[in-house]
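**Student:** Single-letter residue listing:
There are 2 protein chains.
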Amino acid sequence: MAGVTVQRALVRIAGDDRSNGFDTLVAEEPLEIRIDGEAVAVTMRTPGNDFELAAGFLLTEGVVERGDQITEMRYCTGDEPQQYNQLTVTLAADAPGMAASGFRNFTTTSSCGLCGKASIDAVRTRSPYSVADDPLRLSPTILAALPARLREAQRVFDATGGLHAAGLFDAQGALVCMREDVGRHNAFDKVIGWAALEGRLPLTSHVILASGRAGFELVQKALMAGIPALAAVSAPSSLAVELADEAGMPLVGFLRRERMNVYAGDRRVTRLKLRTAD
Amino acid sequence: MAGVTVQRALVRIAGDDRSNGFDTLVAEEPLEIRIDGEAVAVTMRTPGNDFELAAGFLLTEGVVERGDQITEMRYCTGDEPQQYNQLTVTLAADAPGMAASGFRNFTTTSSCGLCGKASIDAVRTRSPYSVADDPLRLSPTILAALPARLREAQRVFDATGGLHAAGLFDAQGALVCMREDVGRHNAFDKVIGWAALEGRLPLTSHVILASGRAGFELVQKALMAGIPALAAVSAPSSLAVELADEAGMPLVGFLRRERMNVYAGDRRVTRLKLRTAD
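Chains as they are written, first to last, in my numbering: chain A, 66 to 343; chain B, 66 to 343.
Hints in this document: simulated from the structure, not taken from any laboratory. Think of the CB as a built atom: it goes at the ideal place given N, C-alpha and C, for glycine as much as any other residue. Hints should not be assumed to be uniformly reliable.
[To be verified] Pairwise CB distance ranges, derived in the manner of DEER restraints:
| # | chain 1 | residue 1 | chain 2 | residue 2 | range |
| --- | --- | --- | --- | --- | --- |
| 1 | B | G226 | A | A197 | 51 to 61 Å |
| 2 | A | D159 | B | R189 | 38 to 48 Å |
| 3 | B | D235 | A | G86 | 38 to 48 Å |
| 4 | B | R189 | A | A224 | 29 to 39 Å |
| 5 | A | R332 | B | D159 | 50 to 60 Å |
[As the list claims (entries may be wrong)] To give an idea of the chain A side of the interface with chain B (calculated C-beta under 7 Å), a few residues:
| # | residue |
| --- | --- |
| 6 | L90 |
| 7 | A92 |
| 8 | G162 |
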């Protein structure tokens, strides 16, 4: 199995200087996910936590609703050298499965009229959880402390500068799980897959933090896991905000120290005075 | 059709201050691409240049090899209000088509042994162009000037902070085409699709610049369009470097003013002294 990072030779140019050296790159390899032997997806990912990635992918696509609907996961072995890049998953009889999921459902829609609203409705239909009544309230103090805690936990980032991270925090702002990947969606899938395999779904009264931007699919993934709040270090997209708004989910963007923009669900971000983060 | 940006109300928090305001968000909407009426893909994208996006997607997936293998593209219209989110494409008889492309081919691989090398081999098999013998030579002076030219051309970025950009430059560093999108892959597809529809493929002696990181799929897309060089403002992944290396393509990362890392193809980055960019 490839490591999380790879050393590569390179030529560094700085003005007129040119020198040979080495750099630490984030590893990227394909992972094929199979259900009962049939390939259903290939994702380019950073090796590591592959079982979590597969579980999170299947859960956030609606193929399973709980971790225990995955009865077995194993690397595919055959005549070729074992590459740890193919995972086969066996589903329980009560899992929704591929047909019931949103995944690939586009092949069955025949009418015109695809739009952001239809995408939002699809998430609402598919998610087994509602976050609208979650008791979570977040203070700006707690939110302001999250990015630094995520960065502390990111050992790999400093070496490569090439990894997205997702951090799951409890209502008090304590880090529960952090995962990294070359793909931001994969980092979310790994965190959510970890929780699914630990039997922790739905993730009521938690908040998930993205190290970069927040698009529609990150909000979708959070909602599929019952996470009632999402924060991001950078900008959200229009459809991410619309989905969060309709779901009653606080969506915080440009979270940088004591500054933040609350794009949706601001009633659940308390007005308590900001205290210095512990 | 939604615009490229959307205005949204928000609550700004800065320390103990809390104020209502508006923010400009990058628009994100689904685009469904159909071939002869059958849906083949849905991508979340920033509306605009949709025909280019579809053409670039089909070209970089190997469904077509030239722009003129697309005989018609039109928005799908029906009973629903026209949303401009569904495009149907008609292919010429000599187009490779879905079956011959790499897209979804994972459903037909039955042996174990998926690995980065297999992904690299697949690109080599599918691309109708080779960049190994391209005469392009790039000087550090020309490379150093590219990011500023891309940013100048990005009118939307400053407003939203949420858009990826791709810029196509000629051998002298002049900007030929710039496209933006909420997804970095889409920005590349739009640039390449523009060139395909203009009949400019292969893009010999050009360089394409990514505003962010360079993963395997960006190198793949460049190679499918015959672009012999790729530069990125941030880090490349391990597999991006391997693919560029095997293809004989210069891959430059962390391109920031006169500093840059050459991860592959350094023989084609000249040793001319750095001059002040014009």
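**Student:** Compare the structure with each hint and give your call.
**Tutor:** So, going through the hints one by one against the coordinates:
1. Checked against the hint of 51 to 61 Å, the pair G226(B) and A197(A) fails, with Cβ atoms roughly 29 Å apart.
2. Here the CB-CB span from D159(A) to R189(B) is close to 44 Å, well matched to the stated 38 to 48 Å.
3. One distance hint, 38 to 48 Å for the beta-carbon pair D235(B) and G86(A), is violated here, with the actual separation near 30 Å.
4. Between R189(B) and A224(A) the C-beta distance comes to about 30 Å, which sits within the given range of 29 to 39 Å.
5. For R332(A) paired with D159(B), a C-beta distance near 59 Å keeps the hint of 50 to 60 Å intact.
6. A distance limit of 7 Å between C-beta atoms decides the matter here; for L90(A) the minimum to chain B is near 5 Å, and the interface restraint holds.
7. A hinted interface residue such as A92(A) counts as satisfied when its beta carbon comes closer than 7 Å to some beta carbon of chain B; here the least separation is about 5 Å, so the hint holds.
8. Proximity of G162(A) to chain B is violated relative to the hint, the smallest CB-CB distance being about 16 Å (cut-off 7 Å).
Of the numbered hints given earlier, the model fails hints 1, 3, 8; all others are met.
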